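Residue numbers (our numbering), protein chains in the order written: chain A, 122 to 432; chain B, 815 to 1099; chain C, 32 to 269.
Because the hints were derived from the structure by calculation, they are not lab data. Any given hint might turn out to be false.
Sample of chain B residues facing chain A (criterion: CB under 8 Å; computed from the structure) [to be verified]:
#1 I849
#2 P900
#3 V901
#4 E906
#5 N908
#6 M910
#7 L912
#8 G915
#9 I916
#10 I919
#11 N922
#12 V923
#13 L926
#14 I1087
#15 F1088
#16 W1096
Covered by chain B, according to a simulated footprint, are these stretches of chain A (three or more residues, beta-carbon under 8 Å) [claimed, not checked]:
#17 217–224
#18 305–319
#19 346–358
#20 393–400
Quick caveat: nothing in here was measured; it's all calculated off a predicted structure. For glycine and all other residues, C-beta sits at the position ideal for the given N, C-alpha and C.
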Amino acid sequence: MRTVFFILALAVVLPAIPIGVWREFVLDAAQFAFITTALALSWNIMAATGQLSLAHGAFFGLGAYAAALAVNAAVPTPLALLFGAGVAAISSLLLGIATFRLHGIYFAIATLAFSEVMRTLVNKAQFVGATFGYPVPAAFGGAGGILTAYYLSVALLVLATLVSLALQRSRLHYAFAATRQGEAVARVLGVPAVRMKLIALLISSSLAGLAGGVYGMKTLFLLPPDAFGVHRAIEALVIPIFGGLYTTAGPLAGGLILVSLENVLRLWVGEGYLVGYGVVLVVAILFMPRGITGVIARARRRRKEAPGAED
Amino acid sequence: MELLLQTIINGVLAAGIYALVASGLALAVGVVGIINFAHGEFLMVGAFASYVLFIALGLDPVVSLAFGALALYLVGAATFHGLIRPVLAAPELNQMLLTFGIAVILQNVALLVFGGDTRVIYPPYQGTPIAIGPLSFGVVPLVAFALSAALLALLYLFLYRTRLGFAVRAVAQNKIAPGLLSIETSRIYLLAFGLSAALAGVAGVMLSVMLYASPHVGFLFTLKAFAIIVMAGLGNITGVLWSALILALAEAFVATYVPGGGGWVEAVFFLVIFIALVWRSWRAA
Amino acid sequence: MLRIERATKKFGGLIAVDAVDLELRPGEILAVIGPNGAGKSTLLNLLSGLYRPDSGAIRLGDLEITRLSPEARCHLGLGRAFQIVQPFPEMTVRENLLVGALYGKPSTPRPEAERRVDEVLALTGLAPRADQAAAELTLVEDKRLELARALATNPRILLLDEVMAGLRPAEGAAAVDLVKRIRDSGVSVLFIEHVMPVVRRLADRVIVMDYGKVIAEGGYADVAADPKVREAYLGKTA
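Could you build the full structure based on these sequences and the hints that come with them?
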């Protein structure tokens, strides 16, 4: 909990920290970090019910394009963002209804197929620029300059974090966890598993769509492979796994670490930087499947059990 | 009429490689029980191996076929032994993510080493099509098809006419608790996975001549292979052949007859995966 | 109170449950026994809603519940413990029970659910292990947990699947006492069992199944003496 608070506080005060010439670069990179971390938090919510989604690239992309469409039609920024989230949510509902009898890997593959179909459709959609790209006006018409955009992404991160925390403290936490850890048993104990999965899906996709909308307004230009690319799905899942699945602090810390690493890797190595994510994923699965928070929790437990430990 | 026949021929010839790749994946999924997201990347590695050997040593891709098969068998076996075996007892989610991570690594290492451009090989026999009446058969696709058919026949013979093949099929049908690997089963898993990679590698060598070598080709083939085996039904080896044919034909028709067909072709595969999975899940209920 | 009327369930060519009629009366402890493969677990799955019967009906009181989902049946008071115990591995014992306490009936307030959990922990003797990870329990504790989970949902009817398997005699006796106490608190119990001494001590009535059909019904002594039952278990003597 302290970690969560610390990270959010850092995000809020970052522009005030004197870093001299690096300021613009850092604030810029930070926005991407916040957006990606929000996406990761949204994926984490759905993973809590045992649904492994590879469609988060699609939700992100749909949200980005829908919000961009709205803003280009002179809809005010907040409504446009909501519209983006809504479009993502509706698409996820259709996906969820079609696939709710699928589990585990088959569900994951179906979501991947869905995502790719979406990408192809947008690739062909002339009214949003197809493969040529789609320009997006800045948030709030550019008022307030760089700080507006920055704090919009902070707001996104805070929202995603609050949603994640709220779910963890509510009774839904138990329903989600039970659905994930034993769906048949959960149902026999009275948990409406299918409804829980749909709820998680809707919340998750809305947040992802929101993140996409903010992303579009940041980059000012959308391209299908960028908004819908499978690298979004990869980031969305590697971050929670690395940081610690089903927690809030995990994706937050993991996201900031990994996206920073990604930026460094990108500067250094160019195309192919995703290899870092691949390595992290493989290492995490093999050696720390519970992520960083899992490692820390285990270390804490061992310290408590160690002979001669106080308290 | 000629266009129709030509389209059909294109589809049939392409089906050879698709069936080869899909059979490899069917082995991994059916025998080892692992959804190998990195399968297409083995193909990609095979394609680049062929390219590198051609550029560096002037080695004809036909010779590279044998090399590709052997090299990828070893790669597959090593991957299985080092990375996959530890997670066989872990939840499916972990296994899936592991192979996904391996795929990401392989694809991006290729990007780092070779860059994103497609690399083409021009062996001397490439450009000359054989003409039979108004229809033309590219030499390379024709040979690739024949080779694929031969390899698949060999695979069938291996699985159904040899003792070892029988053991492989037995393991596929009788997966005991994944954590309790006997030495025999472990060896069969290794063989199956290595074989799976080798099949992909051979297909990759063929692809390097028929099309090109590129870091992005792996992911696409992984998805196509999944489409094929999901449509055939898991565990159904002969079904894979039919399924590959149908999908290759569908692809050929879309490419020929749908305006702007190129972009929609991929969507065909993805749509098929989606519909096949959803349909099966509703039917099973 | 809980009735199965001519229910049939087939899996491909195999008839697992064949036109079975069965009734659980209020306040009784009913045992269902039979050789392996007789269809007992399938019966329980039909009752709890994990399978739908191909034909026939299931009634709870006056209500027909054949089409109801497992969670809906739980809300109506049907609780079930599984044979192969699968605790929620990432939760503590207390949390495992809390799931049922919170969701077993619609809109149960948190304090009430917590109280129910404490009650069940005390009843099943799991209180000392309440905050342990469920994955770390012994076999006996596992079985207790399974029973406790079902109890946490406040059922009127409890379906138990071979909860005695693997228990030593002393543990078995304790379990028998527990089930009797549960019945005395107003819960009707239907249990599947292989351990005959337990059946004799616990059951008010016994139903014997073989090849998906009910072949005998009555008190333990009557059923034990029934030649059809002997044949089912031991095979025809020459």
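**Message:** Take the shortest C-beta to C-beta distance between N908(B) and chain A; is it under 8 Å?
**Reply:** Nearest chain A Cβ about 5 Å off; hint holds.
**Asked** How about the region 305–319 of chain A: do at least three of its residues have a C-beta closer than 8 Å to a C-beta of chain B?
**Response** Three-residue rule not met by the region 305–319 of chain A, so violated; n is 0.
**Item:** Hint validity - I916(B) Cβ closer than 8 Å to any chain A Cβ
**Value:** 6 Å, holds
**Message:** Let's test the interface hint: is any C-beta of chain A closer than 8 Å to that of E906(B)?
**Reply:** 5 Å, holds
**Item:** Given hint P900(B) near chain A, where the shortest CB pair must fall under 8 Å
**Value:** 6 Å, holds
**Request:** Verify the interface restraint on F1088(B): the C-beta must sit less than 8 Å from at least one C-beta of chain A.
**Result:** 4 Å, holds
**Message:** Next item in the hint list is W1096(B). Is there a CB on chain A closer than 8 Å to its CB?
**Reply:** The hint holds - W1096(B) has a Cβ within 8 Å of chain A, the shortest such distance being about 6 Å.
**Message:** Does V901(B) hold up as a contact with chain A if the rule is Cβ-Cβ below 8 Å?
**Reply:** Check passed: Cβ of V901(B) comes within 6 Å of chain A, closer than 8 Å.
**Asked** Holds or violated: the region 393–400 of chain A covered by chain B, criterion of 3 or more residues with Cβ-Cβ distance under 8 Å?
**Response** Held - the region 393–400 of chain A has 7 residues with a Cβ nearer than 8 Å to chain B, which meets the minimum of three.
**Restraint outcome when I919(B) is required to lie within 8 Å of chain A by C-beta distance** = This interface hint holds because 4 Å falls under the 8 Å limit.
**Prompt:** Holds or violated: is there a CB of chain A closer than 8 Å to the CB of M910(B)?
**Reply:** 5 Å, holds
**Asked** Given L912(B) as an interface hint, is the shortest Cβ-Cβ distance to chain A below 8 Å?
**Response** Holds, about 5 Å.
In this structure, only the earlier hint numbered 18 is contradicted, and the remaining ones agree with it.
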